[in-house]
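Just need the whole structure built from these sequences, with the hints factored in.
Here's the letter readout for the chains.
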Amino acid sequence: MADQATLRAGMATPLSGQSYSSNGITISEQQSCDKLIVRADFSDAATVAALSQVLGQTPALEANTYSMADDKAVYWLGPDERLVYLHAQTAADTIGSVQAAIPAGKGAVVDVSDYYTVIQLSGQNARDVLSSGTPFDVHPRVFGAGQCAQTRYGSATVLLSALDDDTPTFNVQVRWSFAQYLWTYLARVAGYC
Amino acid sequence: MSQSCRLDSGGRIDRSKVLQFTFDGKSYTGFKGDTLASALLANGVKLLGRSFKYHRPRGLIAAGSEEPNALMQLENGAYTEPNTRATCIELYDGLVANSQNRWPSLGFDVGAINSSVARFLPAGFYYKTFMWPASMWMTYEKFIRKAAGLGVSPTEPDPDVYHSRYATCDVLVIGGGPAGLAAATAAAGSDARVMLIDEQSEFGGSTLGAAAVPEVASWVAASTAALAANNNVTLLPRTTVTGYFDYNYLTAVEKVTDHLGPGNGGTAPRQRFWKIRASRVVIAAGSIERPLVFADNDRPGIMLANAVSTYINRFGVLPDQNIVVFTNNDSAYRTAVDAARSGATVTMVDTRAEVSAELTRVLQQHKVKQFTGHAISSVQGTKGVKAVRIMPLSADGKSLQGQAWEINCGIVANSGGWTPSVHMFSQSGGKLQYDNSIEGFVPDPAKAKRINPGFSVGACNGSFATGDCIAEGAQAGRQAVEACGFVASDVAMPELTDALNDTGMGGIAALWLVPTVHPVGEGPAKHFHDFQNDVTAADIHLAAREGYLSVEHLKRYTTTGMATDQGKTSNLNALAIMAEIRGAQIPEVGTTTFRPPFTPLTFGAIGGQESKDLFLQERHTPMHQCHVQNNAVFEDVGDWKRPWYFPHSGEDMHAAVQRETLSVRTDVGMLDASTLGKIDIQGADAAEFLEMIYTNNWKKLAIGNCRYGLMLNEHGMIFDDGVTTRLGEHHYHMTTTSGGAARVLNWLEEWLQTEWPEKQVYCTSVTEQWAVVALNGPKARDLLATLSDIDLSKEAFPFMSMREGQVAGIPARVYRISFTGELAYEINVPARFGRQLWETLQEAGKPFNLCHYGTEAMHVLRAEKGFIIVGQDTDGTVTPADMDMDWIVSKTKPDFLGKRSFLRSDTARDDRQQLVGLLTTDPTVVLMEGAHIVQEIKDAPPMTTIGRVTSSYMSPNLERSFALGMLKNGLARKGETVQLSLMNGDAVEALVTDPVFIDKEGVRVRG
Amino acid sequence: MKAYSLFSLARNAMSYHRNWQRAWRSPDPKKHYDVVIIGGGGHGLATAYYLATQCGISNVAVLEKGWLGGGNTGRNTTIVRSNYLLDASAGMYEHAVKLWEGLSQELNYNVMFSQRGLLHLAHSVHDMQEIGRRGNAIHLNGIDSEFLTPAQVKEMLPIINLDCHYPVMGGLLQRRGGTARHDAVAWGYARGADAAGVDIIQNCEVTGMRIENNQVVGVDTSRGFIGAGKVGSVAAGHSSVIAEMAGFKLPIECYPLQALVSEPVKPIIDCVVMSNGIHVYVSQSDKGELVVGAGSDAYNSYSQRGSYDFIEHTVGPLCELFPLFSRLRMLRQWAGIVDVTVDRSPILSKTSVKNLFFNCGWGTGGFKATPGSGHAFAHSIAAGEMNAIAAPFSIDRFNTGALIDEGAAAAVAH
Amino acid sequence: MFIITCPYCGDRDQTEFTCHGEAHIARPLNTESLSDEEWGDYVFFRQNPKGMHRERWVHAHGCRRWFNALRNTVSDEIFATYKVGDARPPLPENPS
Ligand SMILES: Cc1cc2nc3c(=O)[nH]c(=O)nc-3n(C[C@H](O)[C@H](O)[C@H](O)COP(=O)(O)OP(=O)(O)OC[C@H]3O[C@@H](n4cnc5c(N)ncnc54)[C@H](O)[C@@H]3O)c2cc1C
Ligand SMILES: NC(=O)c1ccc[n+]([C@@H]2O[C@H](COP(=O)([O-])OP(=O)(O)OC[C@H]3O[C@@H](n4cnc5c(N)ncnc54)[C@H](O)[C@@H]3O)[C@@H](O)[C@H]2O)c1
Ligand SMILES: Cc1cc2nc3c(=O)[nH]c(=O)nc-3n(C[C@H](O)[C@H](O)[C@H](O)COP(=O)(O)O)c2cc1C
Ligand SMILES: [Zn+2]
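Chains as they are written, first to last, in the working numbering: chain A, 1 to 193; chain B, 1 to 1007; chain C, 1 to 414; chain D, 1 to 96.
This list has only true hints and no planted wrong ones.
Below, in silico cross-link-like pairs of lysine to any residue (SDA-like), each with a Cα-Cα straight-line distance of 20 Å or less:
1) Lys266(C) - Val110(B)
2) Lys98(C) - Pro942(B)
3) Lys31(C) - Phe225(C)
4) Lys83(D) - Asp44(A)
5) Lys50(D) - Val74(D)
6) Lys449(B) - Lys50(D)
Don't read these hints as lab results, they were simulated from the structure.
In structure tokens:
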């Protein structure tokens, strides 16, 4: 049986950490982190309090925003849906405590660590390349650091998030199976913008 | 110096940059800043093409994108492009252009014979002929087709690339003339994001072609520079707004490298297609001069007055020394002055009897001879104008009488007035109103579509004086940003003194059809209004006579306005002539519908980068690279690339599939099943929810166990199937077909969110979370045992259950389910380990003769067991009963989706088509999928069909062919022999059997 | 009616085309007609034509709210074929194609029915199964049908890219399929009907339905009340509106369906190409433009505009399949209002109101049926009972479940 | 190309959404006791109005929530979007 080291060595991401750089933009696949989908009644103060406790932050309550504290980020996906990035822990270690924060039967916690990968766009042309492929308006006035949006990029469904306004930096989260498509698209468009 | 018509000075061309080009094989030179049209004109080339139907010689009419005649076949080979307007092609060095629609040459064109028999080819003549004998139509049609069309399509794939992109702005300004520049400048004085778009290579609009007014020229230059320096402003020259769609969504095409010539753009795209969402749109699209409709007004050299001015002022080209200006309004007087100043001998022919003394004085000052109350009665010259005859016009404008004069000239600069470019406003859904003072339609702001807020300003709004254009533009720019919530700052606009500020068109006296001495259509001459489609005033009369009175009928019967220029210069003339015939007002006749695109739009640009490798959103599983290394041939399933089969060297598809199929039943095989849809379902009401969604019972399913389910739509028809496993008290893992994953999730959410929002159920797609390897075959357990810590004994891990543990050291969920009827395990691991799992199994499997198998072998294997594939054996018209799957339909549940539909008389029929097995009498015959079973074989069709083959294969396990099919009343017909009639006329006999061919008792799968 | 012929053309040319007759009159509506047809599209005009010429009922009016042929008849991609899967559809569409084959002569109006062949492409195993099934079904219904290999496809269409992202795996050809000149169909039927005594009344919108004792007695229109013994509604995209006037609903929803044409070029493709897998429908007209069908938007609309992204989704695949089209240009795009039933088959039916008949639901594909539909509907109205060809298309099928599910079964449009 | 106001995410491009037809068609509870006419009416028959239409949309590329919209099918103007279960907004006074 494989030991943990071999196991880790055999781990893969859809883009195997590819990166691209030119023309005022760097595009790179981010190191993967574990992720959880949390479904719960976020209008319920008790639930929010309990989740805040576990997540170390009040999970983003406003649409199109994310919250971030320590090693976790929480993205608003829908009125009763959040996505949690675990930058340090594993989903397996965390899932139980998150579940416990939600009244039994009235929500869900799902490990989606491998469901997505994250591609980062950074550099002075990043915003232009980003706006090229999505009808969503990414102008800093409407899409500054701390904001996120689920939308389309090319034909892919993506979660965009704005990280930094000074050096425009964005994360584009995409499903594993579409990652190669999106990568090719971004790199192509970066050459055209 | 060959540019015989080039003036010694003036114009916006760079005389230091000489460019070579060829037209119809002959070499010429021009300057940077020229268009192909201006360069040809500078060289004295006036004959540029042949018309569509009559092959009449044609030359330039306009200087802008409204040009109907000067259509060129640009470049050769893969770069060739038909029907390009010479007026819109910026000259580049080495440009190659050829004329179109002529044979053998432009000068001598056999097709011109049509012109001499034109009398027999009136509008709609083909509706009246070519009907006898009926069998000859296809032959006639071949000739008609060859004669039609203009340029030729390339015959090689397009070597260029394109970019299509989105953009958002607060204020989009269409048109960079004085109105648009003023609007953009006023808007840019705030924090708003402004886009200014113009199809020309420079901003300035009509002023670029007008005699220089220093105040205007310097303002244009300064404001353009200021806009270019403003970070909030996007300036897009060489960009045409092509479409105006709802909610202020506009499309535009930008020539990025097009104007540099083929292959000169480096890696940059040839064109960029913009999809823009704007809060407010300012339309400042200007206006288009329209010709007068007079006898033989299509001769090369007869041009729009303003175009002649533009060639003089912008390009330094005086097209001829002798120029007649022919007008019914004031604006053409500027052309007379421009031409006279450039040294031409100019004669003014004005249809109006009364003209302001000031205009007459200006003409006298420039030594221009003036005829008022006169009109051109005929034109001499075929391939170019040589002279015109003019005659006095009667007071009512309906006839010519009196003394005729002949005037030698090479150019007739004519103006029938100006038509505001209302294309964009109309495309946005706005309604027009007729303005009698300018004789044209203008936007009715009260009838703009609310969802497309914006402003029309300047000439496209009927305001023709530059000062008015600037004022209107500036005001709209301010209003637009304010409407977006910004504070507009005051931006200074130039003050134009009266002398500088042209007074607009002034004093138009409409004369829609200039008479000749003959009644319309009866003289030797033709009065064209639509040049490109060769439609004449006589055609309008004919259409009216035959009852094609509505403008829409007029358009379609005569094809007026349907050519590549979409009637930019002709539409108003056509409907005004129709109005006269009908004795109606022009607005009563109405306009035809303005539709995108404004000018023809390259298909490649629309597609943008989303072609070739980006055409499809290809989906890959985590093991994709393994399959590539293993030589897989892929099959497209939805967007997924799935291994179809894995040929060994020398194997064809058949051999590979037979080997794979056999090896699964004898040893063990592995399949990448990652594409199966997977949905995590949690919540207190999950079980109850599944009861409604599936036909069978779910409440009693034990934790850790799996169950197969069928989903129906409300019509009672099967639309997906899959295995769902209970993971916990309120927790299920559902699988769906690969192609149906998104549809099923949507279906679940639809019911949950819209019908049963009170239910506590949460669905999350986890398709990509899991990489799945299906291990199938008698040796599956033995192989898996070498890698897993799970107790695989059949007691500890029975069929239709799930266990968690490790496989190859990887945390896994192993489902003991089977789509082949063999002992099987579906190993699910987090996607990051998919490749590792695959490779480990591949190594560990060697002693077990493990093979890779693809979707084709999977299909054979499942069919041997009589397992259906939704979408192949079913088609959306099939109930569970039709599939002999009554066992899966609960008789005890009060309700589930689709249940009620079973009671309908047709669904309840027992002689519906039902699933059966089919064994051909000859075991080597593999029936074609889709072959039909007939009631009775006849010599020839028609034959009554009673069923069909849905799945058909050669089976190495059965050592014969076999098939699944649907047969009317099939369940009752097992054991009967039926006949299939093939397309080639052969009849094949087959035995109707049970659809399960292997291991009917299910021993292997439970083993 | 003065016949059109080569001689009449020559004769009229000599008199400067002064003496051509009106193709149809423009009468004022009478107070009462035996039959009132609502809708002056191809189907309505054909119905009136056959009523007058074959059923002995010439006291007929066709009421058209706008201009003849201005509905879907005037905005479709003109594909004609009869290679439908199901027997009922084959019966209807083949009936139509047989009528098409003599229509120019019958109407003495050249409708340019051009049997240049219609080729369906298959791009996947699933497509191959679909054409396999349909090809066999069509063949056994006695309708011409041939399978082509990719090489044969290439021979018919030298400019096709067989190895594009949607590889061409095969084709199904109906040689008798093709196109016709859409406007001419409306005009030819109008002229023929008019000559047989039918009143064609344009700019006359039906605004209400008069029903007494559950029997229709006439219609209110923008030109006043018009009495009718029987009423046939053939209003395509507006059928639900008419049904509402009569007090019932239809199993129909209306969507925008778009089409576009390129600039004209010299002949480059000869047959009609349809690819359901990627939604490409293209042919080249006799004038030289490529006529391209796009998909229908999935929201109800009467706006005769569609969403822009549908153009993108049509043009992309078009260029993928025919890469050299990439340098050609789109000249015009437009939309129609298509009336779509759940099973993608039309409705020709009696209704719960006596003497009120509906012919609708042709959705994205009824142009090809024009003669057959008009013929079957006319005979059915005259008889008061649906004839054998029309009978399966009864509105009752949505209650009995006897759908004619071309949509689910074949997923083939147009 | 509509801009649709998702009641949860705000204004978004039409291509993020899909439309699912007429809203407020409640699924009958007593399906077995319905006549074929009543059942067929529920499954197949629709208002399809020329004018104001209440219809269902789903924010497919966004929050995946279903909601209702009030739209004029002639002008395509959307007058309101509202959550499932919310009271129906009134018809506009000036619908076109
Ligand atoms: C873009 C597009 C492409 C298509 N492509 C094809 C194709 O390739 N092949 C094919 O076979 N089919 C095709 N179709 C479908 C085909 O066009 C239609 O099915 C067919 O033309 C319908 O004809 P019709 O006579 O029933 O309807 P229409 O031509 O729409 O006629 C109905 C008439 O009723 C009138 N009307 C409506 N309400 C009233 C009222 N209240 N009072 C009076 N009159 C009224 C309308 O103004 C209209 O003129 C296509 C459709 C579209 C939109
Ligand atoms: N005196 C007259 O009779 C008369 C008549 C007409 C115009 N004019 C003069 O013309 C000027 C009118 O100013 P204006 O600003 O209203 O118009 P303009 O003609 O100066 O500018 C309009 C600009 O819009 C561009 N355009 C049009 N449609 C476009 C599209 N779809 N996409 C991209 N670009 C597009 C044109 O290329 C042009 O550059 C004034 O100077 C006026 O005096 C005078
Ligand atoms: C088969 C066919 C061919 C067409 N060819 C042309 C054409 O060559 N030029 C053109 O301008 N429009 C063409 N059209 C489109 C019509 O101009 C018009 O857009 C269409 O009939 C819809 O009407 P509307 O745009 O007035 O609403 C064609 C339409 C059809 C159905
Ligand atoms: Zn949303």
